[in-house]
Amino acid sequence: ITTARAVTRAKEVGIRKILGSHKSQLRVLFLLEALILNSTALLISLILLRPIYPWIEDLVEVQFFTGPGYNLEIMGYMFLSVFVGSLLSGLYPAFVLSNYQPIQVLKGKLTYSTQGIYLRRTLVVLQLVFSLFLISSLFIVQSQMDFMINHNLGMQLEETILVDGPIMEVDEPSYTTKMESLKNELLNTPGVIKVSISSMVPGIESFWRASTENRSGEEAGIFLHRTQIDEDFISIYGLQILAGRNFDRSFGSDKNAIIVNELTTQNLGFPSPEEALNEKIYFSGDQTFNIIGVVNNFYQRGVQYAYEPRTFQLDTARNGNYISVRFQSDDLSQLNNELKSTYASVFPGSPFNSRFLYDIFQAQYDKEKQFRNLFTTFTVVALIVACLGLIGLASYLLNQKSKEVSIRKVLGARNSVLFLTLNKEYLVISIVSFIVTLPAIIYLMQEWLNNYANRITFEIGMFVYPFLIILSIILIITFRYTVKVISSNPARVLREDG
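All residue numbers for the sequence shown refer to our numbering, where the first residue is 1275 and numbers rise by one.
In case anyone wonders, no lab produced these hints; they're calculated from the structure. Any given hint might turn out to be false.
Here are the simulated lysine-lysine pairs, DSS-like style, with alpha carbons at most 30 Å apart [as the list claims (entries may be wrong)]:
| hint | residue 1 | residue 2 |
| --- | --- | --- |
| 1 | Lys1468 | Lys1457 |
| 2 | Lys1285 | Lys1614 |
| 3 | Lys1643 | Lys1677 |
| 4 | Lys1285 | Lys1677 |
| 5 | Lys1285 | Lys1297 |
| 6 | Lys1683 | Lys1291 |
| 7 | Lys1529 | Lys1457 |
| 8 | Lys1614 | Lys1468 |
| 9 | Lys1675 | Lys1291 |
| 10 | Lys1675 | Lys1285 |
| 11 | Lys1529 | Lys1468 |
| 12 | Lys1675 | Lys1758 |
| 13 | Lys1675 | Lys1641 |
Label-pair ranges, simulated between beta-carbon atoms [claimed, not checked]:
| hint | residue 1 | residue 2 | range |
| --- | --- | --- | --- |
| 14 | Ile1515 | Gln1602 | 40 to 50 Å |
| 15 | Val1659 | Ser1690 | 44 to 54 Å |
| 16 | Val1659 | Glu1699 | 13 to 23 Å |
| 17 | Glu1678 | His1296 | 30 to 40 Å |
| 18 | Leu1317 | Leu1606 | 34 to 44 Å |
| 19 | Ser1527 | Ile1730 | 40 to 50 Å |
| 20 | Glu1678 | Ser1298 | 16 to 26 Å |
| 21 | Val1702 | Ala1727 | 39 to 49 Å |
| 22 | Glu1286 | Met1349 | 27 to 37 Å |
| 23 | Leu1362 | Thr1651 | 17 to 27 Å |
These numbers were taken from a predicted model, which means no experiment stands behind them. All C-beta atoms, glycine included, are put in the ideal place defined by N, C-alpha and C.
Just need the whole structure built from these sequences, with the hints factored in.
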């Protein structure tokens, strides 16, 4: 807008120079105008910010405006933005308009000067490039989020309540007995279908890993995640047994048995799950386990992480960190109260803490959701700013072309031709912006997606739809002003400009 208005201010510069103004004075004038404009914008923004800053802090989960030291830091950024904004918006008129020659200006020789046109077009292209980049990135971010949330986890998490195990020394003689008693009592609770006790559950990062050894006791260098479970763990989470069997208490040998996932068999070099059955796994400390079953791979953590090699041992003495309760009930509040009462009757000294396992697992995507929300907000704000700039620029430039349009109408030009003539520059600029943006968005978003073990692949719509959105916004903005210019009376326009 500044470059477009430069021609109309040329006469002002010429008159000021004739009246004795120097270049330095004119430059200070234009920079001061920009400073006043940006300072006014800052004051208005502070007024508008006041009622919505709690929402902003909730969105980003950071106390920008009420945290310690925010006065100095935030105000510093505000004043910096005013200074930079004033410098950038005042730089062109300060150093270009001040160089105009008064005689040429007052003779009208600069009325149709092309000075600043290329700069203006470049700035508009950059603005559209940023807008296209943000919209395309938002499409990709949202697609990745949908992919992760709807991805097959390889297990069942719905309708499962997780209860923290009791605060009690596992070496206490009555620990195992009490845990078994709690499991039986919970199974008798109305609405409870299954109960499992384990040292770890999906959705929580496990840190217990051990390196396998070969038969001679030398470390083989294959690290496996280890989990202690009971015989109901696999069924309650809907894991598929690909080969072998589940744990069974009637088999006394199962205390030395182990169940592994499919990735573990691959890491150990077995061609198929069936060929891993009855093979040995050696851990340090003379721990030897016989593989009795192989289950499917599942995501212990979110889909943003890869599958992990996992093993499962039957251990009823040290596996009480978590209690998983599969339920089928419409009255969740009543069910939770009954679970709490049953838990307190067995472990009266331990606090009862329960939550839905599905919510725990979905919480792993909180950072991604926060990033998406921030990106969405930033994109919307950037588009609003871009639209405001295009509205101002379109209205100003199209009004400047009213005389040209009037002459074309007098010479017999049709309205459709005039509409295309007035808007073809924006169409060309949109296409150029799309061509410039495409390689950048592909490269940068591919780098972002590389942070995820499981990620989407690019689709043509992720790039075409943002371009169509931008083009539609431009046409909607320019349509009103184009119609106004085209429908104006040529005689009146030429008489006023004459």
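Right, here's what the structure says about each hint:
For the given pair, Lys1468 sits about 9 Å from Lys1457 by alpha-carbon distance, which is consistent with the 30 Å threshold. With a C-alpha separation of about 83 Å, the suggested pairing of Lys1285 with Lys1614 is violated against the 30 Å cut-off. Between the alpha carbons of Lys1643 and Lys1677 the distance comes to roughly 52 Å, so the proposed pair goes past 30 Å and is violated. Of the supplied pair hints, the one linking Lys1285 and Lys1677 holds, its CA atoms being roughly 19 Å apart against a limit of 30 Å.
Between the alpha carbons of Lys1285 and Lys1297 the distance comes to roughly 15 Å, so the proposed pair stays at or under 30 Å and holds. In summary, the hint linking Lys1683 to Lys1291 is not supported, as the alpha carbons are separated by about 39 Å, beyond the 30 Å threshold. Of the supplied pair hints, the one linking Lys1529 and Lys1457 holds, its CA atoms being roughly 20 Å apart against a limit of 30 Å. Restraint check for Lys1614 and Lys1468: the C-alpha separation of about 16 Å stays at or below 30 Å, so the hint holds.
Simply put, Lys1675 and Lys1291 have alpha-carbon atoms about 28 Å apart, close enough for the 30 Å limit, and the pair holds. Among the hinted pairs, Lys1675 with Lys1285 is consistent with the structure: their alpha-carbon atoms are about 19 Å apart, no more than 30 Å. Among the hinted pairs, Lys1529 with Lys1468 is consistent with the structure: their alpha-carbon atoms are about 22 Å apart, no more than 30 Å. Restraint check for Lys1675 and Lys1758: satisfied, since their Cα atoms lie roughly 11 Å apart, inside the 30 Å limit.
This hinted pair does not check out: Lys1675 and Lys1641 have alpha carbons roughly 50 Å apart, beyond 30 Å. Checked against the given bound of 40 to 50 Å, the beta carbons of Ile1515 and Gln1602, roughly 23 Å apart, lie outside it. For the pair Val1659 and Ser1690, the beta carbons lie near 32 Å from each other, so the given range of 44 to 54 Å is not met. Hint check: Val1659 to Glu1699, Cβ distance near 21 Å, so the stated range 13 to 23 Å holds.
Distance hint check for Glu1678 and His1296: the Cβ-Cβ separation is about 36 Å, which falls inside the suggested range of 30 to 40 Å. About 51 Å separates the C-beta atoms of Leu1317 and Leu1606, a value inconsistent with the hinted range of 34 to 44 Å. At roughly 46 Å, the beta carbons of Ser1527 and Ile1730 sit within the given window of 40 to 50 Å. A beta carbon spacing of about 37 Å between Glu1678 and Ser1298 contradicts the range 16 to 26 Å that was offered as a hint.
The hinted window of 39 to 49 Å between Val1702 and Ala1727 holds, with their beta carbons roughly 42 Å apart. With their beta carbons about 35 Å apart, Glu1286 and Met1349 fall inside the hinted range of 27 to 37 Å. At about 24 Å, the CB distance of Leu1362 to Thr1651 agrees with the hint of 17 to 27 Å.
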